[in-house]
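K.L.:
Given next are the chains, with one letter for each unit.
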Amino acid sequence: MKKLLTIIPLVFLLCFTFGCQQEREEELSIEEARTIIDDLVKFRNEGDLSAADRVMHPECVIRYSHLPEEIVGLEAYKEYDKMTRNTFPDFKMAVDDFFVKDNKIVGYWSLDATNTGPLMTPMGELPPTNKKIHITGMFISYIVDGKIKEDVAYFDMLNMMQQLGFILIPPQPPEQLEEIK
Amino acid sequence: MKKLYMILPLALILCFMVGCQDKEAMAEFEEFKAQAEVEEQNKEIAKELFADDFSLKVPGFDEPWGTDMLFKVIQSHYTAFPDWTHVIEDVVTEGEKVAVKLNQNGTHKAEYEGIPATGVEATLPAMHLFTVKNGKVVDWFAVEDYLGLYMQLGMELKPKEGEK
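Protein sequence lines correspond, in order, to chains A and B.
Each residue of the first sequence is one higher than the one before, counting from 1 in the working numbering.
Each residue of the second sequence is one higher than the one before, counting from 1001 in the working numbering.
Derived from the structure by calculation, the hints contain no laboratory data.
Predicted model, so just to flag it, every value in this text is computed and none were measured.
Just so you know, even glycine gets a beta-carbon here, dropped at the ideal spot from N, CA and C.
Treat the hints with care, since some could be wrong.
Stretch-level coverage of chain B by chain A, calculated; a stretch enters the list once three of its residues show a Cβ under 8 Å from a Cβ in chain A [to be verified]:
# : region
1 : 1094 to 1105
2 : 1121 to 1127
3 : 1130 to 1144
4 : 1147 to 1154
From just these sequences and the hints, can you work out the full model?
P.N.:
Put into structure tokens, the structure is as follows:
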């Protein structure tokens, strides 16, 4: 019995460390997350390609709710970034708050920009509106080997289009359009 | 010695459970409950998951929403899309925060925001961030692609008249 009593606390200690060790090992630290976020912001705000190479996984997948398809691969993402800067040359984003769990970063972001370049819309390319936008949204990034492997972002695209001077209208039946003409 | 062998695995299981049980898991569980209950429109149970002073700031509305207003809005959504479902893709919890990455879909069977029923099977990706304190939701920030939803239902984007 004595041997049992001495062993049990040791067993407890062992299991506790073993049981929770795995979770701790895989967790991204706040500092690592901050570095990743800083590099991502540097890339998007300044077009800094070396920051992009540091922070993005070469086979990254980007899912933005306003795009009909995913962006696959870092080269495609760099192209997308160039296009965004073409539409909004003073594009400035910031990550306002974030938290880390395992290999995921979840955060709030905000963006300020002026549309002085051609604007890509579901109706095709339109001339610049010269309007300013301020939008906020959330993101969740999945980190592999210290780089962003998958990035999913959500924001209120309707609000953004309204800021650019668009409104939503019900579909116009062809007969009505004829009458207006 | 035999008794020792019997106790070891039991002790192992016990420690694992006790050692890793944390507040975050509780928050996650509360979140799942909230989603499930709201989905089943079970107002009474769902209301209990929200704190008494729950208040939601919604863009476009001067007054923040309490649970009554929130549930009224959810109800009208379910009237328009009776088979609305939530597909939870990921849940990330840390401390009091529960982030839920999800997709939603349903059939447009009745009038929604002035749009008569179209029968379209609409999808609405979203990200919800809940703050859970003492097992109750005190804050709910939802980012959903409503533009995408409206366009699926046939609405069109046009520049405002007289603005170029």
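K.L.:
Broken hints, numbered, in rising order?
P.N.:
none
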